[in-house]
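J.: Given next are the chains, with one letter for each unit.
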Amino acid sequence: DAMVIQNPRYQVTQFGKPVTLSCSQTLNHNVMYWYQQKSSQAPKLLFHYYDKDFNNEADTPDNFQSRRPNTSFCFLDIRSPGLGDAAMYLCATSRGGTNEKLFFGSGTQLSVL
Amino acid sequence: GDSVTQMEGPVTLSEEAFLTINCTYTATGYPSLFWYVQYPGEGLQLLLKATKADDKGSNKGFEATYRKETTSFHLEKGSVQVSDSAVYFCADLNSGYALNFGKGTSLLVTP
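Heads up: the sequence lines are chains A and B, in that order.
Converting from the first sequence to our numbering requires adding 40 to each position, the first position being numbered 1.
Converting from the second sequence to our numbering requires adding 248 to each position, the first position being numbered 1.
Misleading hints may appear alongside valid ones.
[To be verified] Listing some non-contacts, in silico: residues in chain B with all C-beta distances to chain A over 10 Å:
1. Ala265
2. Gln293
3. Leu294
4. Thr318
5. His322
6. Ser331
7. Asn348
[Claimed, not checked] Residues on chain B that point at chain A, a partial pick, calculated with CB under 10 Å:
8. Phe266
9. Gln286
10. Gly289
11. Glu290
12. Lys297
13. Ala301
14. Phe310
15. Val330
16. Ser333
17. Gly344
18. Phe349
19. Lys351
[Claimed, not checked] 30 Å max Cα-Cα, derived BS3-like pairs, lysine-lysine:
20. B:Lys316 with A:Lys92
21. A:Lys141 with A:Lys57
22. A:Lys57 with A:Lys78
23. B:Lys300 with A:Lys84
24. A:Lys141 with B:Lys308
25. B:Lys304 with B:Lys351
26. A:Lys57 with B:Lys300
27. A:Lys78 with B:Lys308
28. B:Lys304 with A:Lys92
29. A:Lys141 with B:Lys300
30. B:Lys297 with A:Lys57
31. A:Lys84 with B:Lys297
32. B:Lys351 with A:Lys78
33. B:Lys304 with A:Lys57
34. A:Lys141 with A:Lys78
35. B:Lys351 with A:Lys141
36. B:Lys308 with A:Lys84
37. B:Lys316 with A:Lys57
38. B:Lys351 with B:Lys308
39. B:Lys304 with A:Lys84
40. A:Lys92 with B:Lys308
None of these hints come from the bench; they were simulated from the model.
Quick caveat: nothing in here was measured; it's all calculated off a predicted structure.
Here a beta-carbon is modelled for each residue, glycine too, at the ideal position from N, C-alpha and C.
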């Protein structure tokens, strides 16, 4: 059974139209992460939550926001998607200790038209 | 900032061939090192890890040794199978929770 679930698998939005990507977990992990992966590039961390504590990476654009209403769910909101935001978005979780392994979802491939 | 560099892909091998995927890192100190694998249509999953110098991580016939002197963590497997076809990501973790990934190396194993 999938432990980190991302929906939808493919998302198409229009330039400038807000879009929300969803992630849920059944592992009861403390930490949830959002990574952006563009074609042939390394996954890049956008932000993460340790419980309710939000941690934004310094170079994450303001256009990207996140919400974590409870332990199980985390959302990525892109307020005004640009063509450059087309990418695979990966959600991951971990228990939160040092050197803990990350559990990844299958990702959401976002297209911006 | 710190970076992780992997060999460019795609790598194409015949079944039972020997595999090496090179990985080097620039982080100072003693970061933890990881290899993640992404099979087609699936999320990344941890393949193996090493947390201190000279440690060897191993799993499913894959091995990688933490070499501080060369800042490397090369992935090896003695005899690859078609089912090993995937994208392999090297990553380090120096502090906090943010894994620092390489760009990934695509491996295709042909029968």
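J.: Does each hint hold? Answer for all of them.
T.: Outcome of the hint check:
| no. | hint | verdict |
| --- | --- | --- |
| 1 | Ala265 | holds, 24 Å |
| 2 | Gln293 | violated, 7 Å |
| 3 | Leu294 | violated, 4 Å |
| 4 | Thr318 | holds, 21 Å |
| 5 | His322 | holds, 17 Å |
| 6 | Ser331 | holds, 18 Å |
| 7 | Asn348 | violated, 8 Å |
| 8 | Phe266 | violated, 25 Å |
| 9 | Gln286 | holds, 8 Å |
| 10 | Gly289 | holds, 7 Å |
| 11 | Glu290 | holds, 6 Å |
| 12 | Lys297 | holds, 7 Å |
| 13 | Ala301 | violated, 14 Å |
| 14 | Phe310 | violated, 15 Å |
| 15 | Val330 | violated, 21 Å |
| 16 | Ser333 | violated, 17 Å |
| 17 | Gly344 | holds, 8 Å |
| 18 | Phe349 | holds, 4 Å |
| 19 | Lys351 | holds, 5 Å |
| 20 | B:Lys316 with A:Lys92 | violated, 36 Å |
| 21 | A:Lys141 with A:Lys57 | violated, 35 Å |
| 22 | A:Lys57 with A:Lys78 | holds, 20 Å |
| 23 | B:Lys300 with A:Lys84 | holds, 24 Å |
| 24 | A:Lys141 with B:Lys308 | holds, 17 Å |
| 25 | B:Lys304 with B:Lys351 | holds, 22 Å |
| 26 | A:Lys57 with B:Lys300 | violated, 46 Å |
| 27 | A:Lys78 with B:Lys308 | holds, 28 Å |
| 28 | B:Lys304 with A:Lys92 | violated, 36 Å |
| 29 | A:Lys141 with B:Lys300 | holds, 15 Å |
| 30 | B:Lys297 with A:Lys57 | violated, 40 Å |
| 31 | A:Lys84 with B:Lys297 | holds, 20 Å |
| 32 | B:Lys351 with A:Lys78 | holds, 10 Å |
| 33 | B:Lys304 with A:Lys57 | violated, 48 Å |
| 34 | A:Lys141 with A:Lys78 | holds, 22 Å |
| 35 | B:Lys351 with A:Lys141 | holds, 19 Å |
| 36 | B:Lys308 with A:Lys84 | holds, 27 Å |
| 37 | B:Lys316 with A:Lys57 | violated, 47 Å |
| 38 | B:Lys351 with B:Lys308 | holds, 22 Å |
| 39 | B:Lys304 with A:Lys84 | holds, 26 Å |
| 40 | A:Lys92 with B:Lys308 | violated, 36 Å |
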